[in-house]
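Engineer: In the order they appear, the protein sequences are chains L and X. Residue 364 in the numbering used here sits at position 364 of the first sequence, with consecutive numbering throughout. Residue 522 in the numbering used here sits at position 522 of the second sequence, with consecutive numbering throughout.
Read the hints as simulated data drawn from the structure, not as lab findings. Keep in mind that the hints are not guaranteed to be accurate.
Identical chains share a label here; the pair holds if one copy fits it or two copies do between them.
BS3-like cross-link-like pairs, simulated, lysine-lysine; straight-line CA separation at most 25 Å [said to hold, decoys possible]:
no., residue 1, residue 2
1, K537, K562
2, K806, K772
3, K627, K837
4, K245, K853
5, K66, K837
6, K537, K284
7, K772, K66
8, K806, K238
9, K627, K537
10, K753, K66
2 protein chains.
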Amino acid sequence: MNEITRTTPYVYTFANGQAAGRASERDLLGGKGANLAEMTNLGIPVPAGFTLSTEVCAHYSDVTEKHGAGAPERFPDGLNGEIDDAIAVVEQATGRDFGSTTEPLLLSVRSGAAVSMPGMMDTVLNLGLNPETVEGLALGTGNPRFAWDSYRRFIQMYGNVVLGIEGAKFEHALTAAMQSAGVERDADLSEAALRDVVQNFLALARQATGTDFPMDPREQLNGSIEAVLRSWNNNRAKVYRRLNKIHGLRGTAVNVQAMVFGNTGDQSGTGVCFTRDPATGERKPYGEFLTNAQGEDVVAGVRTPQPLDELDAAHPQAAKELYAVMERLERHYSEMQDMEFTVEDGQLFLLQTRTGKRTASAALRIAVEMVDEGLLTADEALGRVDAAQLEQLLHPTFDPNAEPTLLGKGLNASPGSAAGRVALTPARAEELSDAGDDVILVRLETSPEDLSGMAKSKGFLTAHGGKTSHAAVVARQMGKVCVSGCSVLTIDEAAGTFSIGGRTMTEGDEISLDGSVGEIYAGSVPTVDASLPPQFKTLMKWADERRRMAVRVNADTPEECKQAIAFGAEGIGLCRTEHMFFDASRILNMRRMILASSEEERRAALDKLAPEQRKDFVGIFEVMDGKPCNIRLLDPPLHEFLPHEAEGQAEVAAALGVDLLTLQHRLQVLHESNPMLGHRGCRLGVTYPEIYEMQGRAIMEAACEVAARGITVLPEIMVPLIADVNELSFLRVRLERVAQAVIAESNTSVDYKIGTMIEVPRAALTAGDIAKEADFFSFGTNDLTQMGFGFSRDDAGGFLVPYLEKGMLPLDPFEVLDFVGIGRLMRIATEEGRATKPGLKVGICGETGGEPKSIAFCEELGLDYVSCSTYRIPGARLAAAQAAMR
Amino acid sequence: MNEITRTTPYVYTFANGQAAGRASERDLLGGKGANLAEMTNLGIPVPAGFTLSTEVCAHYSDVTEKHGAGAPERFPDGLNGEIDDAIAVVEQATGRDFGSTTEPLLLSVRSGAAVSMPGMMDTVLNLGLNPETVEGLALGTGNPRFAWDSYRRFIQMYGNVVLGIEGAKFEHALTAAMQSAGVERDADLSEAALRDVVQNFLALARQATGTDFPMDPREQLNGSIEAVLRSWNNNRAKVYRRLNKIHGLRGTAVNVQAMVFGNTGDQSGTGVCFTRDPATGERKPYGEFLTNAQGEDVVAGVRTPQPLDELDAAHPQAAKELYAVMERLERHYSEMQDMEFTVEDGQLFLLQTRTGKRTASAALRIAVEMVDEGLLTADEALGRVDAAQLEQLLHPTFDPNAEPTLLGKGLNASPGSAAGRVALTPARAEELSDAGDDVILVRLETSPEDLSGMAKSKGFLTAHGGKTSHAAVVARQMGKVCVSGCSVLTIDEAAGTFSIGGRTMTEGDEISLDGSVGEIYAGSVPTVDASLPPQFKTLMKWADERRRMAVRVNADTPEECKQAIAFGAEGIGLCRTEHMFFDASRILNMRRMILASSEEERRAALDKLAPEQRKDFVGIFEVMDGKPCNIRLLDPPLHEFLPHEAEGQAEVAAALGVDLLTLQHRLQVLHESNPMLGHRGCRLGVTYPEIYEMQGRAIMEAACEVAARGITVLPEIMVPLIADVNELSFLRVRLERVAQAVIAESNTSVDYKIGTMIEVPRAALTAGDIAKEADFFSFGTNDLTQMGFGFSRDDAGGFLVPYLEKGMLPLDPFEVLDFVGIGRLMRIATEEGRATKPGLKVGICGETGGEPKSIAFCEELGLDYVSCSTYRIPGARLAAAQAAMR
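Sequences and hints are given; from them, build the entire structure.
Structural biologist: Put into structure tokens, the structure is as follows:
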């Protein structure tokens with residue numbers, strides 16, 4: 001041992017019912033290693049072994065990144081000595097010697113990070129075999145064929161994983177041997193044939209690498225350990241971590257264990273099992289096994305495994321033991337377990353136990369039933385359900401028995417499954433829908449002009465735009481399916497054709513979208529409706545009892561509000577008034593307003609819009625009785641309301657009675673290089689105060705009208721895009737004046753509030769001033785993220801995906817709040833806003849308001865509520881409860 | 001007096017050589033009031049009076065804004081009592097009584113804020129007259145005609161200013177009286193005629209207001225005081241404050257003084273004088289006067305005043321006294337004074353003294369000569385020159401004797417004067433210039449594609465874009481004239497015509513631009529060259545001795561660098577590499593690089609660009625010998641390098657040997673909704689590392705080549721648009737690798753640095769992390785302001801001008817750094833960056849880096865340097881010195 005002082009050793013043994021590690025040490029030992037240690041301490045039969053901690057991997061990654069792959073110091077000082085000591089412990093526990101020519105100890109080397117990444121990293125089995133030890137194994141087991149088969153498997157695995165030799169080369173050599181032996185399965189090769197295969201494999205390795213295949217078991221072990229360490233940063237693993245939002249880990253642990261064999265004969269076998277049914281959550285052992293097989297055989301699917309309930313018959317003693325272990329481990333962990341086991345000559349060994357993955361529906365059932373069973377408290381049960389997964393339960397899904405043809409992939413922008421005939425224009429979508437067809441709207445990208453056609457479609461597929469593009473946001477709000485950013489989609493609108501991944505189709509053809517995974521299928525894949533398990537209500541009740549933050553909905557219509565209330569919404573966090581203007585009956589007056597050349601003309605057009613706006617709000621206030629309604633005043637730039645193509649322009653010019661040139665000139669004036677940062681939001685309100693005055697009046701008139709009927713109306717008028725307190729005070733004075741006037745006219749009392757979005761970085765930085773004029777703040781994290789990062793969400797496709805792939809960013813900040821940067825702005829705004837006005841109501845209405853990690857951050861900041869789209873409300877209620885209990 | 005405790009009274013008297021105020025109390029008493037007090041205390045003859053402090057105005061504005069114009073509590077409690085007391089003091093000093101029918105005291109009421117706002121607020125003279133006191137005045141002066149003329153003037157002024165009666169009504173009545181009397185000038189009206197005029201005026205006032213004209217002098221006084229207070233917030237005053245960037249003032253003071261009369265006969269007169277020539281700075285009394293006249297007559301210009309050196313002859317005793325007062329006041333204030341005086345029956349009275357406005361050239365001369373004269377220290381002298389004004393001296397200006405026809409106005413985007421023939425396209429600009437013409441490029445807006453045509457033009461006029469639009473930024477950098485955002489400009493490129501303010505002209509016609517004020521003139525206005533006064537060098541030397549911050553230049557070519565060094569630049573703060581790619585010989589390879597469909601193709605195109613880039617840097621490094629050169633890697637989105645019109649696209653497609661469809665498809669893919677927030681800056685570097693690697697190599701190869709010749713090269717490689725430290729560490733590793741390789745190849749040692757712009761809000765918020773990977777920070781305040789405010793500078797025209805007019809923002813944040821919001825981000829970044837890396841070099845290279853107030857803020861933050869365009873360098877050196885001395 002070297003002389004460097006360390007607080008933790010690198011190597012943790014588990015053998016003879018004693019382990020140096022604990023289940024709680026996943027960060028250090030990885031999930032697999034920590035649980036192997038725990039099982040050993042519990043006296044459960046686990047093959048003896050040891051775990052190299054994640055520190056080793058961190059050191060390895062660090063040194064090889066800095067000094068290259070072959071850097072001599074890539075193993076930390078002292079590690080080899082610790083491994084030697086650990087091998088000695090395993091030898092003692094198993095009674096076998098590593099490298100022995102009589103009773104050789106064989107080892108497995110497996111990865112195991114703190115978070116499970118199944119199949120992403122490398123494994124080496126049967127390690128320790130060479131021309132001498134293989135004879136020892138043959139002798140010890142009395143089964144030379146088994147010994148030589150194991151050796152052949154080892155060379156193949158080590159050659160591929162450690163030496164980087166193409167797997168197909170070994171497969172070819174094996175196939176050649178089978179042909180020359182005249183057998184169909186490798187299991188039918190004789191010992192002699194296998195001896196030849198081994199010689200061929202060794203020659204093949206020598207040829208591929210230029211050196212002899214390593215014979216020294218200790219050298220084999222170090223090579224295998226290094227291969228596992230290296231595999232932490234292979235491409236597959238990196239992509240997996242990105243897709244599964246796994247970050248902040250130091251690396252993988254490496255688990256070295258004495259081999260046990262499920263393939264020594266019919267008294268042996270191997271299998272996987274769950275303590276409950278992972279699909280339904282039903283409480284009964286679930287799983288499958290193969291007799292006379294190794295673990296890979298189960299995974300490879302060459303032979304069809306038997307269901308677990310046949311284990312009794314095949315291996316009665318082992319089955320009895322296994323059921324006892326399952327029961328014991330589930331009670332020990334108070335959690336459904338997913339286990340791997342091997343039966344070697346009738347003796348049961350557990351190779352792994354971990355928390356079992358499950359469907360959302362199973363998660364609900366298990367959590368609630370475990371409380372009934374006394375295994376969990378309700379508090380704990382709430383922590384066992386993934387809040388993000390809940391949304392899956394609410395949307396219809398494709399029939400799991402369908403086997404559709406995949407056309408291509410895009411971003412999973414709005415979950416659920418939808419099938420229908422393709423429309424390439426919103427107008428066509430309306431026609432098809434009116435004719436009774438289900439419609440999928442396929443566009444390069446959508447814009448607010450498309451809204452009426454979108455409303456008539458089941459789902460949207462777009463070529464551009466990310467998960468927070470217009471199409472995505474609208475889809476989530478409307479509860480529709482959306483696959484966005486499908487880069488293999490091209491559209492020829494004129495020809496009425498489109499192509500996905502090179503396959504050209506015609507408008508009217510059927511396609512299907514799976515918005516939960518971002519996949520596009522040919523034809524109409526049948527869907528099945530969502531059915532909520534009975535435990536849903538119980539869990540939601542527990543969540544509601546425990547959460548501190550309210551949950552509101554982002555909704556613009558009475559229908560959306562009704563659905564949201566059914567899902568548990570306690571108010572509207574964001575009602576976007578601009579969507580209301582795209583209706584065919586209104587867009588003309590909206591356009592008249594925009595094209596007005598004087599305040600007078602503008603007021604005249606606004607006067608025509610006012611009664612329509614009032615009607616919108618009446619409908620919403622009726623539904624929301626007693627719940628606060630946050631209504632955002634006009635936000636998008638005016639040119640969004642004008643047609644972009646010459647044809648549409650001519651139509652509008654005619655309808656408005658202006659000449660095309662005038663219209664085009666106005667469009668030219670309204671054109672902006674960066675509309676996101678342009679003349680929109682409260683900037684419209686300041687330059688054309690009459691617009692917000694009309695909206696304020698419509699809101700208050702509707703509120704008074706509904707209130708007069710005995711319904712409780714709580715309007716919150718929200719001014720968007722404030723960058724400076726002066727904007728808000730300017731507008732507040734005018735809105736107050738209108739509100740007071742309406743209240744006086746109608747002789748009704750309505751408790752209204754006036755507040756602002758915090759969505760511009762400077763607003764967050766000057767929130768202490770802004771709070772003087774605001775009754776509430778609502779974080780618009782979409783814009784705050786866009787401006788804070790300088791990322792246009794419509795354009796981020798080109799760099800955001802590479803960024804996530806290269807690990808520039810751990811997560812998409814439009815999906816999960818960026819705590820460090822954007823979160824800092826939110827913290828400044830919340831703290832300084834409340835310093836000015838204690839008790840200031842603060843909420844969030846951006847896309848991240850429905851995302852569990854972001855909700856946890858909002859709880860930490862002490863926000864009063866989160867707001868999200870309809871289908872994310874149950875998940876948000878659960879996430880808020882989980883956050884409150886932390 | 002009421003019983004409320006106050007720390008300061010509202011009213012400050014000055015009379016009998018004793019004043020309650022001091023010159024230093026401008027904030028409280030306004031400039032005029034403070035100096036009247038000071039002169040009184042100095043024993044200089046000032047008509048007795050008193051000043052209502054700015055507190056009164058603050059109270060008045062506050063109450064009337066909240067409770068309306070007529071709110072009874074709009075005068076603070078106790079004010080009337082204090083006014084009564086003050087009137088008694090003035091009565092005692094003058095020996096006259098207010099309202100007396102024998103020797104009536106008449107008063108003037110004038111505004112006077114802490115910062116001079118000449119002519120913006122209201123004044124009432126001759127106050128205290130009514131049918132009885134007018135007789136007393138007639139008796140006392142022995143001049144009834146004068147008394148009735150004064151009365152008529154009072155009614156007219158009070159009626160207009162206080163009662164809001166249209167001035168023309170009085171003028172009409174006066175004209176009628178002159179006609180009926182058969183005289184041409186009102187001075188020729190007899191006493192009797194004036195008595196009639198007074199009756200008519202009183203009747204007219206009654207008719208207009210519905211009540212009798214106030215007769216009570218005390219009521220007249222309160223009415224006049226209120227009118228002055230009200231005028232603080234009249235539109236004219238607000239616009240003046242905005243244009244002159246005056247903000248943070250509490251209001252105007254009100255100065256009430258005993259009237260003295262310059263119009264009692266030929267032994268009286270009135271005038272204005274400067275202690276030095278405000279145009280040249282020459283040390284000699286300068287001014288003009290009118291005999292037998294009131295102050296308004298000098299201003300109105302009805303009679304032509306006499307030059308001051310004729311005062312000796314006209315009023316010998318008063319002249320002697322005046323020269324003595326001028327000398328005394330200049331010495332007392334150590335500053336050139338601008339004074340108003342009245343001679344009443346041979347007796348001199350001073351009505352005002354203030355710091356005299358002067359040209360930049362005069363300011364320089366006065367400051368330096370006053371040091372020679374022992375009036376000022378060099379430190380003080382530096383504070384006397386307006387750093388922003390210095391730039392004027394460096395640019396040519398229009399001949400002041402020309403009287404050109406104004407066509408319209410735009411924004412004063414880049415100072416100086418230019419005349420030439422109009423080109424509507426960059427190509428045409430090049431043709432005209434090559435043919436020997438001076439050219440003015442007239443465009444809706446410019447883009448980097450236009451650069452070569454811009455380089456051949458004298459000035460740019462654009463319809464869109466603000467002071468930080470592309471045209472403006474390029475103009476300031478190139479030292480060209482620019483008027484941007486000219487909303488009355490329309491262009492018909494096809495017809496080859498353009499129109500300004502409705503006047504249509506043809507390409508090739510001559511126009512002239514005054515970029516200092518934003519004016520456009522017809523024809524070619526002759527210009528005169530800039531000539532620097534000899535004091536320039538002295539002052540700059542003093543400034544350089546005192547400043548702490550270095551001053552660098554934003555420059556892209558060796559020529560610009562040479563000019564900048566002549567102006568005192570100590571390094572390059574920003575060299576934009578993208579400008580170098582627009583050259584006709586390179587753009588094709590740039591386009592090839594952009595259109596590459598693989599990394600290989602991209603590298604091939606980059607390989608062709610590399611030697612050209614290297615050449616650019618060689619030229620710059622040679623010029624900058626020993627001075628640091630900060631070079632920013634490619635920043636703009638790639639589509640800026642591709643043509644936007646179909647015609648240009650066809651050409652490019654042909655030149656590149658790709659088909660038009662491929663080109664257009666690539667353009668479609670590159671299209672961005674918000675390019676400002678799109679795929680640009682380091683995002684290009686991360687997604688296509690080979691681009692930055694080529695640039696890094698070109699920089700280092702050039703550096704090594706030049707260094708090998710014994711020239712000191714200090715390259716600073718700057719990565720733009722960093723939002724997260726991961727981007728910088730990813731790029732830094734690659735740049736370091738290239739740099740080390742080049743150094744090794746060339747066997748030369750070059751001390752290079754790698755750092756980053758801080759221009760994304762999130763970069764500022766996470767600067768503590770970013771500093772780990774950065775050798776320096778440079779604030780890109782243009783982008784930081786755009787993203788921090790959410791203002792696209794290209795689109796801000798539509799709302800920024802109304803915002804400034806409505807006072808939403810005190811200043812244009814693209815011109816003067818927004819200390820509160822953007823400055824806070826800079827403070828966070830500086831403090832946290834240096835906490836991570838003490839001594840981290842921090843500078844600024846945004847547009848505000850050349851603006852004096854912003855420079856003062858940078859000094860406060862402790863930045864190491866500021867960087868600005870060439871012509872702003874001397875001003876920046878001065879501003880840095882001024883800031884360091886604060």
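Engineer: Each of the hints needs a verdict: does it hold here or not?
Structural biologist: Quick rundown of the hints versus the structure:
1. K537 <-> K562: within (18 Å within a copy, 77 Å between copies)
2. K806 <-> K772: Between copies only: 20 Å across chains, 44 Å inside a chain, cut-off 25 Å.
3. K627 <-> K837: within (23 Å within a copy, 52 Å between copies)
4. K245 <-> K853: within (11 Å within a copy, 46 Å between copies)
5. K66 <-> K837: between (51 Å within a copy, 21 Å between copies)
6. K537 <-> K284: Result: close within a single copy only, 23 Å intra versus 93 Å inter.
7. K772 <-> K66: Classified as between: cross-chain Cα gap 16 Å, same-chain 52 Å, threshold 25 Å.
8. K806 <-> K238: within (9 Å within a copy, 53 Å between copies)
9. K627 <-> K537: Within. Shortest intra-copy distance 21 Å satisfies the 25 Å Cα cut-off; inter-copy 72 Å does not.
10. K753 <-> K66: Intra 57 Å, inter 20 Å, cutoff 25 Å: inter-copy only.
In terms of the numbered hints stated before, the structure departs from none.
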